[in-house]
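Since chain A is already given, all that's left is putting chain B on it; use the hints.
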Amino acid sequence: MKNLFKVLLITCLIFTVSSCEDFLIEQPKSTVTADDYYTTLEGLDNGVKSAYSKLRGFYGSEAAFFMTLPGTDIWTLGFGGITNLPDLGLYSANLLGSNNLITRIWDNFYEGINQCNAVIQRSENISEGNLNRLAEIVGEARFLRALFYFHLVQQYGDVHFTLEETVGVESEAYRTPIAQIYEEGIVPDLQFAIDNLPPTTEEWGRVTKPAAEALLARVQLSLGNWSLAEKHAANVINNYDFALVKPYKDLWDINNQVNSEVILAAVLNRCKN
Amino acid sequence: MKKNWLYPGISPAVYEMLTKMKLTIFLICITVLGGFAADSYAQTTRLTLDAENATIKSILSKIENQSEFKFFYSSNVDVEQTASISQKNKKVFDILDDLFEGTGIKYEVYGRQIALLDKGENFTFPTETAAQQKAVTGKVTDDSGQPLPGVTVVIKGTTQGTVTNGDGEYTLSGILEDATLVFSFVGMLPQEIPVGDQTTINVDMAVDAIGIEEVVAIGYGTMKKSDITGAVSSVSSKDLGKSNSGNIMQQAQGKLAGVDIISESGIPGSDFKITIRGNRSITASNEPLFVIDGIPTNVGINDFNPNDIEAIEVLKDASAVAIYGSRGANGVILVTTKSGKKGDAKINYSGSYSIKKAFENIDPMNPQEFAEYVRVANGLNRNDTSQDEEILTSVPNLQSGQNPDWFDIGYGNGLLHQHQISVSGGTDKIKYYVSGSYFDEEGIVTNSSDYSKISFRANIEAKATKNLTIGLSAVGTKSTQNVMASSFYTRLIDTSPLAFPYNENGELIPYPNPRVEQINPLYNLDPSQYIDELRGQRIFAGIFAEYKLFESLSYRINYGPDLRSSRRGEYTGILLGEGTNSASVSNRVDNINTLENILTFDEIYGDHSLNILGLFSSQTSRLETSGSSVQNLPVEDAKFYNLGSANDILSVNSFLSEWALLSYMGRINYKYKDKYLLTVSGRADGSSRLAEGNKWSFFPSTALGWIVSEESFFNSNNVNFLKLRVGYGEVGNTAISPYQTKGGLALTDYAFGDAPAFGYALDIISNPDLEWEISKSLNIGLDFTLFDSRVAGAIELYDTKTSNLLLNRFLPITSGYNSVLQNIGSTRNRGLEVSATAYIIQNANDGFNWNADLTFFTNKEEIVSLIDNTNDDVGNQWFIGQPINVFYDFKQLGIWQKDEADEAALYGLAPGDIKIADVNGRDENGNLTKQPDGKIDQDDKTILGSTTPKWSGGITNRFSYKGFDLSIFVYARQGQMLRSSFHNLGGNSWQGRHGSINLNYWTPDNPSNEIPLPIAERRPYFYEAVQYFDASFVKIKNINLGYTFDKEFMNRVGIGLESVRLYSAIDNPDWLTFSEYKIVDPETGTQNVGGANPLTLSSIIFGINVNF
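Protein chains in written order, with the working numbering: chain A, 507 to 779; chain B, 178 to 1285.
By construction, these hints were calculated from the structure, which means they are not laboratory data.
Just so you know, not all the hints are guaranteed correct.
What the hints assert, rightly or not - Listed below are the simulated SDA-like cross-link pairs for lysine to any residue, each with C-alpha atoms no more than 20 Å apart in a straight line:
id: 1; chain 1: A; residue 1: K535; chain 2: B; residue 2: G920
id: 2; chain 1: B; residue 1: K978; chain 2: B; residue 2: I1001
id: 3; chain 1: B; residue 1: K919; chain 2: A; residue 2: E671
id: 4; chain 1: A; residue 1: K535; chain 2: B; residue 2: I1001
id: 5; chain 1: B; residue 1: K919; chain 2: A; residue 2: D541
id: 6; chain 1: A; residue 1: K535; chain 2: B; residue 2: S914
id: 7; chain 1: A; residue 1: K535; chain 2: B; residue 2: W836
As the list claims (entries may be wrong) - In silico negatives: residues of chain A with every beta carbon more than 12 Å from chain B:
id: 8; residue: A569
id: 9; residue: L658
id: 10; residue: Y688
id: 11; residue: E689
id: 12; residue: V693
id: 13; residue: F698
id: 14; residue: E736
id: 15; residue: A740
id: 16; residue: I743
id: 17; residue: N744
id: 18; residue: Y746
C-beta: ideal position from N, C-alpha, C; glycine also.
Next comes chain A alone, as it looks inside the complex (with noise of 0.2 Å):
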């Protein structure tokens, strides 16, 4: 009778313990998912923050300077071995699909489109609160998936094209035709920002009207419509208080970074502090 006591005193021990199924649930902390976090004006603004981010992938950066000049006529090799980067100057048998450069610059924008979708299609699930500001958001971030396309249409050609966030894995990536490209991505995306981005912002470096009528008009040339690239272009010389920098030199000083004649400018301060 004793024994059996404690026979069952250990079984009620062992049950017991394992009875604990919340002992298996994960509780996270110091990370969060995009379907607990995109679900506010805030989220949502901080997903089109890290949108801008990819803009310091190409501007500012040597990958998008190697890219876009070495190897046209009017950029040639000096002394510095590697360090100019002689493969891409001189689209030698070293220059392959692989370079660090090219990817970087294709990677790059990618991850950035992505995300300018995921804002985009999840703005669309949040109906409460200061609807113009998500419609800003939302431009926003159509006017950086309208670039980041203009980019990759302008280095790779006929590019893989999506509108839509990426759920699951996709392991398939399609060409598009360039003219596909501008008609359903990049033009309706810049009209859509135009519509709906304030003239001006306080915060430096925001995309805003101009910025979009700017970079239409930009599209719009490459596209040869010289009419509608000159109605664009021409709105934001006389609409605006944009003025050219005098003298020239002054562009060039470390202090005058914030200047009239900036539409939009891609950020590199520092600020992880």
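Relative to the frame of chain A, chain B by itself:
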């Protein structure tokens, strides 16, 4: 033959003799038996007795009839009193406890001999028995020099004999000169020695080669080796301690078949890479689970002192490891630490001192060679000095004829000393083993590579009441490690030998080379400029209580806290940091708690014996990390101890990671007629890391064993024991990190104007379908013992298929994600393992003894499928049908020579360029043709070799003669390839600007086929191709020579010590390593050697081992 192997040398006649022997003599040995009582017979033999009011004497004779037990008693013991007993399938202890309750009789068991004593009976040691004809005296010791009490010494062919006393000594009289003495002891090899004219015969007995009676750990219990059905390798303390490594596993290198043990790097205190039966997992860990005194862990094995280890058992096949379920796929290493033995306290000191030197044959260019190389790179003749002023760092330095030898300045000799004191002993009720140790290694890189460790261990076990045993096995460790700057050697070699490190005042020149903006690498050796220090503490314990509920049912609870904390502090001074100093601190606090409830049922029903185990366990882990890094500290002396004072904070971070595991496990071991063995087990694991609905997984296994040699038809004089085993099981690999199924966002930074604009970006795709990787494995094994137990070994054949591999499947980035973790892909490992031990020459009387251990294993590792079973993943260098880690690159055929200029030109190359094999091309549709296409491009990369060895093995030879002992360990690892970063000609390292090792490069007048012509304007085309080498090696890894001064000698010289062993060893000597790759040690965990990796070391060891 059937039974003879079990109890060699003890014939029935001897038993008869023993029963007639004077009790006093027998008692002597019993009183001193202490821990030597290898009472496995008593532990495993079951008796059934039924007697009503019978005399004790008659009950005892019933026991003798049922078993091989023999009883001895003096006239003080009243055996005529009556008692009643009714017991079924009980151990002899239980029966005797029951029988003698209240009778005033107590007993002692030794092997099969049981002595009965009256309570309070005192023994007197025997006086010298009168010599009748000739007396022989002597001492019997084991192979570690410890005296062996209880050894039976018999005159061959007679019943005359004795047993050794507590000091292992014996005296036997009435011996004729032509007599032969037979020494035997359970678990030891018997020895026969002709007496001749000797009057002193000392015997050194070797542990029985088979050790089949040996009880080994199998996870959640122990088992006789002969009853094991899975593939288990083991190494015992006698083989540990030959090298002076602070790591348990290094000392087991080459001694465990199927276990590949390789040092990760030459950093003092660095870990070892352990792979059991090849790599199964492509992205997840292939490191085994350690279970130390029952508590699982997989980190910081360095925290355990090798001198505290009694035995290591490696569970290799799935049927053996299935009881560890989702954590077992990579094999399980069971480590058992030493425990106290009944008897007087044993005090032991062991210490060693070693001198270490770098294992290298690195030959950097001297100034003259460098100048020639620069000239050649600039298109000049080697000896054309016309442009030296323009192209060389410093012509005066060249003319001075001095050689700064940067590489040589960078390091010196390393030193290591370690000390350990242990005290162990015990009584009937309590056994203890307590030790303290100190380990201090100073690396070869001055001031910046060292490791020191202090650790204490206490292993205590107490029989609290008749049914309750409690115990503790705990270790506390504190360690400090300084880590060398990364790429330190690269920087030394990289620096021009025309740049001198010191100015005329002996101070370091900050920028010694005016042509290259490169800080003097020797600042890395200055503690005011560079510190990378790790400090760690750990407390690891197993605390248990075991309660016997019924005779055959016991309950055990284990609690294992594991507390680890560590801090890494890094500091770079203003000189090394070129104007900016920086510091960082990161902290880790890791707490894992294990709680296990185990019920064990053990019963014998006639021919059937049954052992059933049930386990419920839980494990929780909480890991907290935090850290910050800063720049521009105002007070340099503060190092990383005042981060708050810094002007710039670069980052602040903290992280919490938790996981939990619940497990139920059951195992049945069934044995029929001592011949047929069956093991069935199953484990269900529930893990927090997996998504809801997917948390639980089940891991079954089964194994059969057949002891062929027990069959009546089996009749072989040469084969003493033969067992065939076959097992199948499924196990998992816990390869998913906490929260990994949930996906997640990552912090990004940006700014609007001067205001921060942090964002949260999509980072990881959530994947709730993730599961464990599953390995299914079939193992066939054969255990054998041959030639009167002189040779014993095992052969294993296995086939393991691992599926559900977690692969970071690369995705086209167009989806926004680089990769996703998925359960795709599978691998297969097949292999053969052979291990054998042979007692080749056995001589008693301090004669020459030679025994050898051999291990050999080969493993074929291949990827069976990735995303599907036809497509390779070239981006990740994963190829179907190939091992997991391969080198995939251009294949060098040589260098284009002068007379091949036209052919080279077809590829757009010129003489002096690397000649690459054109192995592949594409047809008009863009498909690979596997045919040359007249151009060299990405498609011509091919599989050059693998990092995984084709086979590996070791041979340990142990010799002894009188007090001398010698062991020689030869280690081979064949068929693997390495990448040598010393041959990295990429970047701008081969353009006549930076230093290099003195490579044999092509010039028009030196038609080398190894290294291309250096050219100042560009790196060589296809430069990657020259850096691959065969890393196969054979090493005489360790030679250890010792001499033991025994007690006799100690007494003679008047030192009151039990024994002293002095030894000297060489470990990993570079001059006894045979390999095609000669620049540094070809033994490398990463298969990547170069200036970024710390050099491995060769050492000379001097040591002492004292028994007080």
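Here is what the structure says about each hint:
Distance restraint check for K535 (chain A) and G920 (chain B): the Cα-Cα separation of roughly 13 Å lies within the 20 Å cut-off, and the hinted pair is therefore satisfied. The suggested pairing of K978 (chain B) with I1001 (chain B) holds, with an alpha-carbon distance near 13 Å, which does not exceed 20 Å. For the suggested pair K919 (chain B) and E671 (chain A), the alpha carbons sit about 17 Å apart, so the restraint of at most 20 Å is met. For the given pair, K535 (chain A) sits about 29 Å from I1001 (chain B) by alpha-carbon distance, which is inconsistent with the 20 Å threshold.
Taking the CA atoms of K919 (chain B) and D541 (chain A), the gap is about 10 Å. The hint holds against a cut of 20 Å. In summary, the hint linking K535 (chain A) to S914 (chain B) is supported, as the alpha carbons are separated by about 14 Å, within the 20 Å threshold. Taken as a hint, the K535 (chain A) and W836 (chain B) pair is honoured in the structure, with Cα atoms around 13 Å apart against an allowance of 20 Å. Non-interface call for A569 (chain A) relative to chain B: holds, since the shortest CB-CB distance, roughly 15 Å, exceeds 12 Å.
Once the 12 Å rule is applied to beta carbons, L658 (chain A) is inconsistent with being away from chain B; the minimum gap is 10 Å. No beta-carbon of chain B is positioned within 12 Å of the beta-carbon of Y688 (chain A); the least distance is around 18 Å. Distance check on E689 (chain A): its Cβ is at least 19 Å (rounded) from any Cβ of chain B, clearing the 12 Å threshold; non-interface status holds. Every C-beta of chain B lies more than 12 Å from that of V693 (chain A), the closest at about 21 Å, which supports listing it as non-interface.
Its beta-carbon lying about 20 Å from the closest one in chain B, F698 (chain A) satisfies the requirement of being farther than 12 Å from that chain. Taking the minimum C-beta to C-beta distance to chain B, about 31 Å, the non-interface status of E736 (chain A) holds against the 12 Å cut. Every C-beta of chain B lies more than 12 Å from that of A740 (chain A), the closest at about 28 Å, which supports listing it as non-interface. With a closest Cβ-Cβ approach of about 24 Å to chain B, I743 (chain A) is found to remain outside the 12 Å limit, as its non-interface label requires.
For N744 (chain A), the condition that its CB be more than 12 Å from all CB atoms of chain B holds, with the nearest at approximately 26 Å. A cut-off of 12 Å between C-beta atoms confirms that Y746 (chain A) is not in contact with chain B; the least separation is 19 Å.
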